[in-house]
Amino acid sequence: MSVDTDDVIRRVQSDPRFHELVRRRSRLAWLLSALMVVIYFGFVLAIAYHKAFLAQSLFGGVTTVGIPVGIGVIVSAFVLTGIYVARANSAFDDLTKDILEGLKT
Amino acid sequence: MSAGHFPLTAAAIAAVAVASAGYALAGNITVAGQSDLNLPAIIMFLIFVFATLGITKWAAGRTKSAADFYAAGGGITGFQNGLAIAGDYMSAASFLGISGLVFANGYDGLIYSVGWLVGWPIVLFLIAERLRNLGKFTFADVAAFRLEPTPIRILSATGTLVVVAFYLIAQMVGAGKLIQTLFGLEYLYAVIVVGLLMIIYVAFGGMVATTWVQIIKACLLLGGASFMAMMVLAHFNFSPEAMFQRAIEVHPSGSAIMAPGALVKDPISTISLGIALMFGTAGLPHILMRFFTVSDAKAARKSVFYATGFIGYFYILTFIIGFGAITLLLQDPTYFKAGAVAGPNGSFAPADMAGSGNMSAVHLAEALGGSLFLGFISAVAFATILAVVAGLTLAGATAVSHDLYASVIARGKANEYQEIRLSRIAAVVIGIIAIFLGYVFENQNVAFMVGLAFAIAASCNFPVLVMSVFWKGTTTRGAFIGGFLGLLSATVMVVLSPSVWEKTLGYPAGSAIFPYDNPALFSVTLAFFGIWLFSITDRSQRAGKERAAFEAQYVRSETGIGASGAAAH
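Chains as they are written, first to last, in this note's numbering: chain V, 541 to 645; chain R, 91 to 659.
These are calculated hints, taken from the structure and not from any lab test.
These numbers were taken from a predicted model, which means no experiment stands behind them.
Possibly wrong hints are sitting among the right ones.
[Stated by the list, open to error] Cut-off 25 Å, straight-line C-alpha distance, at most; resulting in silico cross-link-like pairs (DSS-like, lysine-lysine):
no., chain 1, residue 1, chain 2, residue 2
1, R, Lys267, R, Lys427
2, R, Lys388, V, Lys644
3, R, Lys267, R, Lys593
4, R, Lys154, R, Lys226
5, R, Lys154, R, Lys503
6, R, Lys388, R, Lys226
7, R, Lys388, V, Lys637
8, R, Lys635, R, Lys226
9, V, Lys637, R, Lys154
[Stated by the list, open to error] If you want the footprint, here are the derived chain V segments under chain R, 3+ residues with CB under 8 Å:
no., stretch
10, 554-560
11, 575-587
12, 591-597
13, 613-624
14, 628-642
[Claimed, not checked] What follows is a set of in silico ranges between Cβ atoms, one per label pair, in the way DEER data are often shown:
no., chain 1, residue 1, chain 2, residue 2, range
15, V, Ala586, R, Ile133, 27 to 35 Å
16, R, Asn535, V, Arg557, 55 to 63 Å
17, R, Ala653, V, Arg627, 17 to 25 Å
18, R, Ser601, V, Thr545, 29 to 37 Å
19, R, Leu136, V, Val619, 36 to 44 Å
20, V, Val619, R, Ile523, 38 to 46 Å
21, V, Gly642, R, Ala638, 47 to 55 Å
22, V, Tyr589, R, Gly600, 20 to 28 Å
23, R, Ser446, V, Arg627, 39 to 47 Å
24, V, Arg551, R, Ile523, 45 to 53 Å
25, V, Arg557, R, Tyr529, 32 to 40 Å
26, V, Tyr589, R, Val582, 26 to 34 Å
All residues carry an ideal CB built from backbone N, CA and C; glycine is no exception.
So that you can see chain R by itself, here it is in the shape it has in the complex (with noise of 0.2 Å):
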């Protein structure tokens, strides 16, 4: 079959993801009153999705070879992939709920947001051009450089495939939450809607699509934030001082939320979570696949250059954003449930606002905008979450198909057609999967899950792709048990932390068995300490052959001699 089928299927079930998203905007009116529906929103989302199609299917006729799936060719430049690491990270659940937590605890909400980017520098230091002169298309291609690929990959698609299935459940329970308030979609449409629309940009446009997609969202949302962070502080005159001022004398917490206050609870707990957020990002599989989209090391350097500072700037916006939800937005009935009562200084509590302190940004979008800026952000906010689940998707199809099928099932004996059919397959699959638990979960507690996956991430896939580029002694043993026992004991910790066991299975409080809500600080430890004991009592020959073959990996991982170079023909 020539790719040239693909853009007309395209072109069909797009029609039929807009055409079922008509028909729940259509149902949704007639359960009259249930939500508000918000035309402008919708047409702005729909010239959004109009766009990426028409970028799927453009993109769909330029995919051929497993290369230009997997990696877009390697023709993706370093600014480009700035913006599209930058697309990729910044989540709706960043957007919304950095801001949320800034306008209810201010300065709390910024020491949460520091925490997200400082896992940058790290990735730039010890990973990006080593993982671009010793990988392919996945990090597990770095990990089975010169070990034995079978354990090595089934060990690497486990971690990308937990992590993506925790990542992606939390965003899809979002999506479909987020959906229902701005759009007036109900819950499980909006989910059908956003997987339908993830699987076309997957399946069809593989990784030049899925990057566009980032790319536009990037700019969309880059702008929209910075739009409104203007007009806050334009508000002031351009005085952080003066905006300070009006928060502390309209907030019910008055001046402590210029200071540090109850989010840090523990210091272990802080660290434990400062760990999973640094080493996670280091570790997180749809993140690491963006560096082999560039042409070399020196592009791979300067995307995570200019992803950190895209990132960096957005939570100085979203800090803003959150000063001015307070002070704009705080005195107003407008924004508050109809059965808030105001306290004696006349503002609101930032929890009684209407659909929860998570809306604040788009409150005050349509405080600052009207209805027509409140229309763009809830669009901007909607793009966002499609394209997160769409990075997470093509990670997971790619560590199936490339991973698994390719170099586990197949062998190496599976020809290029095959292993991008099969990864098309996976990522409708995978789809289908994500609406599915996206349905189930809708009212489950799952904010734990994306914390879940970062633990992960630092814990199984970090250890493992460190120890195997820097440390000449691990062996393959070593690797696969080390990085199970990170997995696992992250996951076993998460499930007996107070934050599943007593809030989500419903245990009395204090039962918990472990006392932190994030296990990092132990898992990560545990991962590093699993792989170096377990290499250096491997006494198999296989084991010698493994840190003998160390030598021409280094080489190549420093230099590049070999790596493989733009993929585009």
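Chain V on its own, in the form it takes in the complex (with noise of 0.2 Å):
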């Protein structure tokens, strides 16, 4: 790491752009990071406490609600990293790059 290191740190934080950046990506990580776990666990409470709504049929078949719930927890999983990816590849990364570009003046 070069010499200036501790000004680089010093100017990045006095930066209000990096606390918007920070807060902003947190609150997306934490609120995803959230329902992941609420989706998940909520899925396993009903599996322990409410087997027979899991177990009812969906429309009338042998197809029962609890396969498009399971296959729904999977789905979920790939689309909150789909939104995740999508707004910190873009939003997040500009701004990050505003930043860095503002420490070469």
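Grab the two chains, each in its own frame, and use the hints to assemble them into the complex.
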């Protein structure tokens, strides 16, 4: 690392855009993490306490409500990662780039 | 010594490995009738072996620096890394085990597979990019960023090696048994072939070869499983309802297979297992290492997105394959043990399947595509094992050379060449130990070991990583004591749990001191609590410096300023 590392750190920390980046990204990351925890442990608790709900027929046939719910948990994991990557790789990375550009001046 | 020597040696050892396989096969033919020789499977497997050895030779020529050896020079793309992560994670146990579980229990198999996926979003949201921004080759780099390197690396390397050891024993024993059944190769020879090949991939080809072995394996496995699932669905004109209808008609458990059943015994055990799977995934050393193979945080994020997609898709396929096995195999005596008796509706009990219910996907391959497709799926299962053990061996070897040797023993005075050489030696030693342990544990119940590996990853590696990155107050003392508390409590609770105390050590049923099979709920909590308690009570001067150093770490972890960039020169 270069000698002026402390200076770089100080300048980034005094940049309001850095705090905006961290605030927005952390909010999304913790929100999506909480959502995943709620979806998965909600599914587990439904299995433990509401078996009958998952066991009922979906549309009159043999397919139960549990099938789309279980596959839905799998799909939700993929969708949540997609939401995060879409936001992080565009808006958040642009903001990061702005902050880094600002250091050059 | 130049890198040019390695390909030659690799080729020589490869010849030995293949020859020993050939010898073992020849040996087996003379033991007449012990097991059928599966010729298409062996030919396809040999093609895989030669292709991967060719890649290893190419990779060895490109592996010059430590960054090449540990992190493939940072030159892997997000998509490639996503496939490789999926290759690392989709073991033969998840392919054969989960489809076998669906075959035997229906819906319960889906519940189980869901748990293995939900850790991935957590890896992405909380770990991946910060790991990429702060570390170089291992997660210990991240934990030791502002904390005292020696104790933190001893802790991280211990966590890594213990996780790798349990995971590896389970894989080796599973591999030996599976190859014995599929290829008619004797258990010991099977374990030796797996061990030798993984040593060659890792010691000569490092991360480049290991990554490409994972990618090829992931493509083969996803391709083979997709084909099977499509064939099953085509059988029912792509109507899942028709497939489920037929499954209920032929399965001994009837409509019970469409709803949650007995797998979820009590909520505490299930939540505890869920915590182990969710947070253990985010603490697996061989997975965390993969984030250093890409160029930047952007690619690290993309790789988790692709990996989650591939793994989730794969679990949906195993569910269809399990139901395919129910509908197409249950009434066919060809796939059941000689003495098995069919029930009143003409169906056999899933437990009576030849070679156990875990063989349902393999038998289904034969039913769908004849002996050629059976050979293909068998070869894929073998390739799957090889890829997983290679990833584990590399992670273990890196912990020894990069964390223990370079940082703790040589105190940063070792040069790159010495470090890589030690890593290669470590890979050979780990491989030999794995062969030995695979042999020793042949007839032991090793089913609990993968669960234990996840529990320890969740109770030691994950809390230390998360607390050092997110909480300013974390000190070396807190991380060290808390991490070891998690590791020891997880191990002790597993030993005292029913699955080890009763089923493995043979004490009478009901005598287990710890009532749950998975300790994560308690051991993860204990680890976080320990890190917090021993950090806030840490009044040393060092602790003060470590807290003060948090800001610089924070800026780098969030922006990537000063991060070791694409290491390719």
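Going through the hints against the structure:
no.: 1; hint: Lys267(R) to Lys427(R); in the structure: holds (17 Å)
no.: 2; hint: Lys388(R) to Lys644(V); in the structure: holds (22 Å)
no.: 3; hint: Lys267(R) to Lys593(R); in the structure: holds (19 Å)
no.: 4; hint: Lys154(R) to Lys226(R); in the structure: holds (16 Å)
no.: 5; hint: Lys154(R) to Lys503(R); in the structure: holds (19 Å)
no.: 6; hint: Lys388(R) to Lys226(R); in the structure: holds (16 Å)
no.: 7; hint: Lys388(R) to Lys637(V); in the structure: holds (12 Å)
no.: 8; hint: Lys635(R) to Lys226(R); in the structure: holds (23 Å)
no.: 9; hint: Lys637(V) to Lys154(R); in the structure: violated (32 Å)
no.: 10; hint: 554-560; in the structure: violated (count 1)
no.: 11; hint: 575-587; in the structure: holds (count 9)
no.: 12; hint: 591-597; in the structure: holds (count 3)
no.: 13; hint: 613-624; in the structure: holds (count 9)
no.: 14; hint: 628-642; in the structure: holds (count 6)
no.: 15; hint: Ala586(V) to Ile133(R): 27 to 35 Å; in the structure: violated (48 Å)
no.: 16; hint: Asn535(R) to Arg557(V): 55 to 63 Å; in the structure: holds (56 Å)
no.: 17; hint: Ala653(R) to Arg627(V): 17 to 25 Å; in the structure: holds (20 Å)
no.: 18; hint: Ser601(R) to Thr545(V): 29 to 37 Å; in the structure: violated (59 Å)
no.: 19; hint: Leu136(R) to Val619(V): 36 to 44 Å; in the structure: holds (41 Å)
no.: 20; hint: Val619(V) to Ile523(R): 38 to 46 Å; in the structure: holds (42 Å)
no.: 21; hint: Gly642(V) to Ala638(R): 47 to 55 Å; in the structure: violated (25 Å)
no.: 22; hint: Tyr589(V) to Gly600(R): 20 to 28 Å; in the structure: holds (26 Å)
no.: 23; hint: Ser446(R) to Arg627(V): 39 to 47 Å; in the structure: holds (46 Å)
no.: 24; hint: Arg551(V) to Ile523(R): 45 to 53 Å; in the structure: holds (50 Å)
no.: 25; hint: Arg557(V) to Tyr529(R): 32 to 40 Å; in the structure: violated (59 Å)
no.: 26; hint: Tyr589(V) to Val582(R): 26 to 34 Å; in the structure: holds (30 Å)
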